[in-house]
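K.L.:
Got chain X sorted already, so can you dock chain H onto it with the hints?
As a plain string of letters, each chain reads:
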Amino acid sequence: MLDITDRNLLNAISDISYIPPQSAYNIRKNGAGIERRNTEKVQIVTKTDKPGIDIRVQPGTTGETVYIPVIITDTGVNDKVYNDFYIGDGADVTIVAGCGIHNSGCHESRHDGIHRFFIGKNAHVKYVEKHYGEGEGTGARVLNPTTEVFIGENALCEMETVQIRGVDSTERVTNAQLDAGAKFIVTERLMTHGDQHARSDMKVELNGAGSNAQIISRSVAKDRSQQVFYPNAVGNAPCHAHVQCDSIIMDEAKIRSIPAIEANDTDAQVIHEAAIGRINNDQLLKLMTFGMTAEEAEEVIIEGFLK
Amino acid sequence: MLELKNVSFRVDDGGGKVEILDDVSFTVENGRFLVITGPNGGGKSTLARLIMGIEQPTAGQIIYNGVDITSLSITERARLGIGYAFQHPPRFKGLTVRRLLSLAHGSELPEDECCSYLTRVGLCSMDYLNREVDGSLSGGEVKRIEIATLMARKLGLAIYDEPEAGIDLWSFSMLVQSFKMLTKDADESVVIISHQERIMQLADEIIVIADGKIRSRGPKDEILPTLLGEFDRKCDLRGEKEAADHA
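So the sequences go chain by chain: X and H.
Per the working numbering, residue 452 is the first one in the first sequence, and the count goes up by one each step.
Per the working numbering, residue 64 is the first one in the second sequence, and the count goes up by one each step.
With the rest of the complex left out, here is chain X (with noise of 0.2 Å):
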């Protein structure tokens, strides 16, 4: 049974109180599934071998969105969990995932979820997920999400990330194989605050003739809080592939980005663009022009900057 703790969570991952009554869903709360629903084209089943689900959409599905959500209430919580997802031919759907700490103890409250797609010829999916941290307590929030991306001749892969709040620690790890024709979108969105600590790396390799890659990373790095970017773009076949990375740098923050890309044919594209700056003097006037104090302007600017 959910809670009034447990809803404002998921509201923070999911922007839902509730689950769509048509949709297919796993909750799981420390470290274990305590809700589901399977539709007839969506199955969810749990792993046997080790925690976590197998989630397997048939082909051909349309319009379908599938919600996983992790919470975690309790202190102390280390949770380890394997996802993988088989996504049928043809299908086109939505998968909503994020997890939410409420950490109101002293110990670490952790989650380390291991997603794997495989994504069917032709098919479409659009991954969002939310990472959110809460709770007085001194106990950290540490999030380590890795994903590993198979997308196959002619699919699309669109990856929202977004961690805004209350996450002390985040080591994200986004490897991705694209088949002929295969189009991968990553955008990930990540403010840090206090003293935390982020870093992403993420290789995006290229395989198939034809097949492209867009990888745009904004962030914000406030008061002390550090922030490390390794984004990898390898085209092995007549590609295109975009890394662009922009970082608003505030207070003592620190954010290092270190953009690579690699080229092993002769018909592959692979542009980077890296940028790490303050926020525009110019933007911050042209606001207050508007009648807003210099902290609303930059709340507005950031706000727009990670939209």
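Just so you know, these hints were derived from the structure itself, not from any lab.
C-beta: ideal position from N, C-alpha, C; glycine also.
One or more of the hints may lead you astray.
As the list claims (entries may be wrong) - In silico SDA-like cross-links for lysine to any residue, where the CA-CA straight-line distance does not exceed 20 Å:
no., chain 1, residue 1, chain 2, residue 2
1, X, Lys758, H, Lys156
2, X, Lys758, H, Glu171
3, X, Lys577, X, Leu607
Stated by the list, open to error - For each label pair, taking beta carbons as the anchor points, the in silico distance ranges come out as:
no., chain 1, residue 1, chain 2, residue 2, range
4, H, Gly77, X, Cys557, 54 to 64 Å
5, H, Gly198, X, Asp674, 48 to 58 Å
6, X, Lys498, H, Thr182, 36 to 46 Å
7, H, Val74, X, Gln677, 36 to 46 Å
8, H, Ser134, X, Asn529, 50 to 60 Å
9, H, Glu139, X, Gly482, 52 to 62 Å
10, H, Arg194, X, Ala660, 27 to 37 Å
11, H, Ser179, X, Ile455, 38 to 48 Å
Claimed, not checked - Chain H residues, not near chain X, derived (Cβ > 12 Å throughout):
no., residue
12, Gly94
13, Pro173
14, Cys178
15, Thr182
16, Cys187
17, Ser188
18, Ser201
19, Asp274
20, Leu291
P.N.:
Structure of chain H alone, referenced to chain X:
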């Protein structure tokens, strides 16, 4: 009413103090339309930035509707009803045109109202509402959106810094029409920095600033012919100088 009293602005360029504006005084009555013109580097943009509070004068006073605003912040001046369209407007990653107009207005603007402001600056509104005000827009587009943000506000004093810069001829006619509409607003005073004769034609009054000083000022009908005459003489458009040289 806006009143500048003996306003000066000096900067230290390392090799000594440089006078950008020197003892400038003038008044803009409510509902009046003032055009400030003059050569590049003469101090016009600085003047606009001093009125908005982006720069602080090194001497003198700025009075707005009876209140001494010299030491007020940009935010405070904006809340008193002063607006400023930048000569080089900044771009915003992630902010849509509609959001920017709503932020200018102070509350969420209905779609049709957003569209009417965009149309007034010559932009086909439906194409732009949900576009981000980022590097994907051209200089002229950003400039027109900047002007629209001022139109979306309820202002007592609107300052436009070279609104014509970067705007193509076709859109310029539309812009002139929009500024013409502003002249009909009895409450809003307008200060435009411009080099364009068609904008000067709309003015009640023209001030010419050169080398940090007011060189001449007066009603449009008085100042504009002298400006055009001077331009003609300098550029010798009618070939009179050349004819005299040959005589």
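K.L.:
Decide, hint by hint, whether the structure agrees.
P.N.:
Okay, the hints, checked on the actual structure:
Of the supplied pair hints, the one linking X:Lys758 and H:Lys156 holds, its CA atoms being roughly 9 Å apart against a limit of 20 Å. Between X:Lys758 and H:Glu171 the alpha-carbon distance is near 17 Å, which keeps this suggested pair within the 20 Å criterion. A distance of roughly 8 Å separates the Cα atoms of X:Lys577 and X:Leu607; the hinted pair therefore holds under the 20 Å criterion. For H:Gly77 and X:Cys557, the Cβ-Cβ distance of about 56 Å falls inside the hinted range of 54 to 64 Å, so the restraint holds.
Range check, H:Gly198 to X:Asp674: Cβ separation about 29 Å, and the 48 to 58 Å hint is violated. The beta-carbon spacing between X:Lys498 and H:Thr182, approximately 59 Å, falls outside the hinted interval of 36 to 46 Å. Distance hint for H:Val74 and X:Gln677: a CB-CB separation of about 38 Å, consistent with the stated range 36 to 46 Å. One distance hint, 50 to 60 Å for the beta-carbon pair H:Ser134 and X:Asn529, holds here, with the actual separation near 57 Å.
H:Glu139 and X:Gly482 have their C-beta atoms about 54 Å apart, which keeps the hinted 52 to 62 Å range intact. For the pair H:Arg194 and X:Ala660, the supplied restraint of 27 to 37 Å holds, since their beta-carbon distance comes to about 33 Å. Distance hint check: the CB atoms of H:Ser179 and X:Ile455 are about 45 Å apart, consistent with the given range 38 to 48 Å. With 12 Å as the threshold on Cβ separation, the claim that H:Gly94 sits away from chain X holds: the shortest Cβ distance comes to roughly 21 Å.
H:Pro173, annotated as away from the interface, keeps every beta carbon of chain X farther than 12 Å; the closest lies near 18 Å. Non-interface status of H:Cys178 relative to chain X is upheld: no Cβ of that chain comes within 12 Å, the nearest being about 20 Å off. Its beta-carbon lying about 21 Å from the closest one in chain X, H:Thr182 satisfies the requirement of being farther than 12 Å from that chain. Against chain X, the non-interface label of H:Cys187 holds: every CB pair exceeds 12 Å, the least being about 23 Å.
With a cut of 12 Å on Cβ distances, H:Ser188 stays outside the contact zone with chain X, its closest approach being about 20 Å. The claim that H:Ser201 lies off the interface holds: its Cβ sits roughly 18 Å from the closest Cβ of chain X, which is beyond the 12 Å cut-off. No beta-carbon of chain X comes within 12 Å of the beta-carbon of H:Asp274; the shortest separation is about 26 Å. Annotated as non-interface, H:Leu291 keeps its C-beta farther than 12 Å from every C-beta of chain X; the closest such distance is 33 Å.
Hint violations for this structure: numbers 5, 6, all remaining hints satisfied.
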